[in-house]
Amino acid sequence: MAYKEVEHKYSGKINECVMGTGEKAITIGGENALPFLSDGESHAPAVGLTILDIYPEDWEEVVIEAYGEDTVKDPVAWAKYIEENTDAEFIHLRLISADPNGQDNSIENCVATAVNVEAATSLPLVVGGSGNAEKDGKLLEEVAKALEGKNVVLFSAVEENYKSIGVAGGMAYGQKVSAESSVDINLAKQLNILLTQLGVSGGDIIMDVGSACSGYGFEYVASTMDRIRLAALGQNDESLQMPIMTNVGDQAWGVREALAEGAKKDKNLERWNL
Amino acid sequence: MAVKGLDIFKLTPKTNCKECGFPTCMAFSMKVASGAAQIEACPYITEDAKAQLSEATAPPMKTIKVGVGELEHNLGGETVLYRHEKTYVSKALLASEVSDALSDEVNDARFANLEKVKFDRIGEMMFAEVVSVRYASDQAKFLELLKKVVEMGRIPMAVVEDEAVAKEAAAVIKDTKGILMAATPANYEAVTAIAKDNKLVLGVSADSLSELHDVVEKIEALGYKELILNVGSKSIKDAYRNAVDIRTSALKNKDRTFGYPSIVFTNQLSDNRSLQVAMTSAFILRYGSVIVMDDVDYPAALALFGMRQNIYTDPQKPMRVEATIYEFNNADDESPVLLTVDFALTYFTVSGEIERSKVPAYLAIPDAGGYSVLTAWAAGSFGSGVISDFIKNSGIEEKTKSRKLIIPGKVAVLQGDIKEALPDWEILVGPPEAMQIPKYLRELSGLA
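Chains as they are written, first to last, in the working numbering: chain W, 21 to 294; chain B, 22 to 469.
These aren't lab readings, by the way, just hints derived from the structure by calculation. Computed from a predicted structure; not experimentally measured. Every residue, glycine too, gets a C-beta built ideally from N, C-alpha and C. Among the hints, a few may not be true.
Which stretches of chain B does chain W cover? Using the computed rule of at least three CB atoms under 8 Å from a CB of chain W, they are [claimed, not checked]:
{"no.": "1", "region": "274-280"}
{"no.": "2", "region": "368-375"}
Straight-line Cα separation of at most 30 Å, DSS-like style, residue types lysine-lysine; simulated pairs [said to hold, decoys possible]:
{"no.": "3", "chain 1": "W", "residue 1": "K33", "chain 2": "B", "residue 2": "K431"}
{"no.": "4", "chain 1": "B", "residue 1": "K431", "chain 2": "B", "residue 2": "K413"}
{"no.": "5", "chain 1": "B", "residue 1": "K107", "chain 2": "W", "residue 2": "K33"}
{"no.": "6", "chain 1": "W", "residue 1": "K24", "chain 2": "B", "residue 2": "K431"}
{"no.": "7", "chain 1": "B", "residue 1": "K86", "chain 2": "W", "residue 2": "K24"}
Generate coordinates for the entire structure from the input sequences, incorporating the hints supplied.
Next up, the structure:
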């Protein structure tokens, strides 16, 4: 019996979504099959780099050395460095200083940082908050307003603040809204539905379905993503057809493997060439 | 392939004799089809019919054994394409490669890493189980390398297409149930005989999936079914697609010819180490049964084996760690005691944070059923009784004079009950999230 070729055709398709403006704007999504199996129409995953609005105290030396200690003190210089020296396709700015349990920096100051970083580079910008849902709701609302027309991604709306971020970002000021859920297909779907019911167009939503380091529950992430894509493509479930954006850098340096002797000090490790 | 009751019914005598214990042949056939009865229960079924049925009910993907003794591993035998549908059963094996084409220095460095990279992770020893030995031109050196692999106790894989050299290689590895990565459409007859004579798993390669399919059929016709299929090395995209297509053909399209484990040579797809690591993780997720890198070094191993352990975890059974007292940062007789559950993910997260705090401490883990903190508490396996019994019987009271017991913030509600059961202890409520542990511990010990 001759080999019968396997088909990778599905009825559903992942939404296409543009981030940023101008020449360096990027388009993500468009897949009509599981990862790496789409035909020519889909977009390759985009890779960006994270910068913080405070000195990255907790980061490993090896990462700080890659940029230079002075560069990472200033988010504007840091963003410029990335644009000039790496192939990163977007910048992910985290406004950590806003954290009410930390520096509790004012929303005005944080918005100013976002505006300055945006002005300093032509790369698409993804703006994240401090992790405090209440403050981030207000902060990202103001960021959306100040950066109107720049098509930034607000990273991310959660169940507690999706209304303010959704209304401001997705509707009033035409930004992209990331919807964050914690590694669960039903929670992901629910937040997407809540946002669309609010009036945010499905095409303006990106999903952050959570992440985990390898060895630390990565199987949940892998299976959640499999299930989301199979529902989006196979069952044509519109509430799950958003492209996925995932923050892998967030936890990577917190696990023991990353800090193990013989792992971090290995000079043979290649520096990343994005 | 699922067999229909009607197909089985056709093989029965249709006499409704009831000797099988069922009222009619049809009822019996339906039970057999659903797996609730064995065809052997019918005394009148012919041997021929039994053979037909066992062929039809055989699993879609064969389980191939490689290695002997402690090194014995199953490859394949998978029944689902995605782990959430049920579970994956045979973990991917990782391999390093040496070759007579490489300098002694390079080969020795890879052997050194093979010896060095061996560690325990939640009760599983992690090391590259397979060593690939690739033949280029120096037969004596090639055979020496193979011998070395056999002696060091890893599963040897000889990558050689030359029939004469393959025969010599097979003699070296004949008792290991190793892999003879040799068959192509050009030489399959000769090397199949060699693999068969030496009881080796035969690796099969071809330029395209249709050619691969063709040559597998021919090898099966020669009576050999201990095979592993090469996903090819034309391009990364092609190899990935082939890995997916081979598995999908077998499990979804029920094509038995592709019902074999697969092998991926990431080192033939790129010589960039980072790219090999990335590819290995992709092939752990999607259908590599043996995955070959140039060198499984320690930093790569830390990430890849953790990932493999995750992906090959049965979704219905949580990973657990041993219920015992764990020590961190040179804990001594003054160190406080933290408490958490035996769910591996919780243990790893909490222990990582304690290490990061650099504060000497003990971590007490009772048998909490392998669930997360809240689930275990709700299930009654992480209550004050379980906790206080464990603290009393674990010997922790001899290890430290400190009587500070820090319970997870999420079960603050247990504070009073534990206090009652352990009157000598001061029960402190720790933070609700593991990431807050370093700050908490530093403050507790007056370091912050």
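message = When the structure is checked against the list of hints, which entries are broken? Sort them ascending.
response = The structure conflicts with hints 3 and 6, although it agrees with all the remaining ones.
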